[in-house]
Amino acid sequence: METLFDYLTYTKSVGYIVAGLFLVGFIPFWRFLTGREREDRLRKQGRH
Amino acid sequence: MSETAAGISAPARSRLLTPFNLVSAVILIGGAVILAIRFTKGLAATTNLSHTNPWGLWIGFDVMSGVALAAGGFVTSSAVYLFGMKEYRPIVRPALLTGFLGYFLVVLGLLADLGRPWRLPYPFIRQAGPTSPLFEVALCVALYLTVLFIETTPAAFEWLGWKRWRKLVGSMTIGLTILGVILPTMHQSTLGALYMVTPTKLHPLWYSAHIPVHFFVSAVAGGLAMVIVEGMVSHRAFHHQVQISSEQFESINFGLAKAASVTLAMYFAVKTVALALENEWHLLGSAWGLWYLLEIVGFVLLPCLLFAVGYRERRLTLVRVAAVITAVGIMLNRFNVTFIAFNWRIPAELRYVPSWMEIWVTVAFITFAVVTFRWAANRMPIMYEHPDWKGAH
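Chains as they are written, first to last, in my numbering: chain P, 1 to 48; chain Y, 1 to 393.
Worth flagging that the hints you see were computed from the coordinates, not collected in a lab. Heads up, some of the hints might be wrong.
[To be verified] Result set (BS3-like, lysine-lysine): computed pairs, CA atoms no more than 30 Å apart in a straight line: (1) Y/K86 / Y/K390; (2) Y/K258 / P/K44; (3) Y/K201 / P/K12; (4) Y/K86 / Y/K167; (5) Y/K390 / Y/K258; (6) Y/K86 / P/K44; (7) Y/K258 / Y/K86; (8) Y/K167 / Y/K390; (9) Y/K390 / Y/K41.
[As the list claims (entries may be wrong)] Derived coverage of chain Y by chain P (criterion: at least 3 residues anywhere in the stretch with Cβ under 8 Å from a Cβ of chain P; other residues may be distant): (10) 77 to 87; (11) 169 to 177.
Source: prediction; values computed, not measured. Built from N, CA and C at the ideal position, the CB exists for glycine as well.
I would like the entire structure built from these sequences, with the hints used as guidance.
This is how it looks when you write it as structure tokens:
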């Protein structure tokens, strides 16, 4: 990195990648968090 | 019960001499003496504050942590009155009272730190300074404290039997709740914005252009955690007043745990993205970096996962442990920003360590809040619904 443009491009790129990873990672986190709740709801509806 | 001239019944008077009351009295009297010294002899006589370290425990704990941990009031009232989550209704009044007392302590702590209490209204009537974040904090805290006071009056009016006043404040609930969302959103973030002028003083791992967002998101998590902690303590202390079943109480706690888990996950993500945007990964390997990692991993990521597992597996103990860790973590973050990672370059001998008198006054303020909460909850319908006003706003 030699210029401010290089630096900003690098940090913004890494920032967007990290933000994207968190957004994608939120899906399994949410599924884990609400997994038992979903199973209970399905059990109550008699689908299990 | 025979009433004395002072209007206190004999059994009630004998109950005054409990170990809790005696210890509280000693702490409060000690605190009052120290405050008297502070107001007569100045900050130097009671604190370790200096021109290098102008903000210490009274700002770091009483103001910064107090505001963050009092956020439970606006989070629960907006959930019930704005988003229609009626199942959380039983915790609104305890949360609002905790919020009111928390903000009242903020003002007390600020007065102890600033001195000259008669100058408190100066920002509004003499020198507004509307370009300063401190002006916004002063205005919002003053307005929100008023809102919280009005929001806690229904319980007092029900207790006193003042029906007309009770109806009047009941009719203002939605408006007050909306104000109660707007004002904390503004000043919680602005408390963080205060530190945007300190890029050379605050350690880069804590300094961020996004620090207002960090303060706001962490305050929501801290508020949710404090509602769980306060519920844990008050349900034990006032179990004879509680009308909801233990299943309903557990269900409320699990709902709060789910929200806290998601909020902490968001906070962790926002902090990590800020780290990436400011390219500070290399600082994580230093001693300060390890301290930062302890805060982020031990007091944000860990309770986030504990809340998630506690909610998923319906384990209340896990949820309560996570709530305590979160509350401690919010305090640690505010301490780091206010004085631990502040002035991080100065030599060790110049670093700020709170004096015993600062700690005593802080403990006295907390004791004052606990005693007031206990006094109110023992008399007013805080933990239960008044039979004449069931289901009313």
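Structure-based check of all given hints:
no., hint, result
1, Y/K86 / Y/K390, "holds, 13 Å"
2, Y/K258 / P/K44, "holds, 21 Å"
3, Y/K201 / P/K12, "holds, 25 Å"
4, Y/K86 / Y/K167, "holds, 20 Å"
5, Y/K390 / Y/K258, "holds, 28 Å"
6, Y/K86 / P/K44, "holds, 22 Å"
7, Y/K258 / Y/K86, "holds, 17 Å"
8, Y/K167 / Y/K390, "holds, 13 Å"
9, Y/K390 / Y/K41, "violated, 52 Å"
10, 77 to 87, "violated (count 0)"
11, 169 to 177, "violated (count 0)"
The structure fails to meet hints 9, 10 and 11 from the earlier list, while all remaining hints are met.
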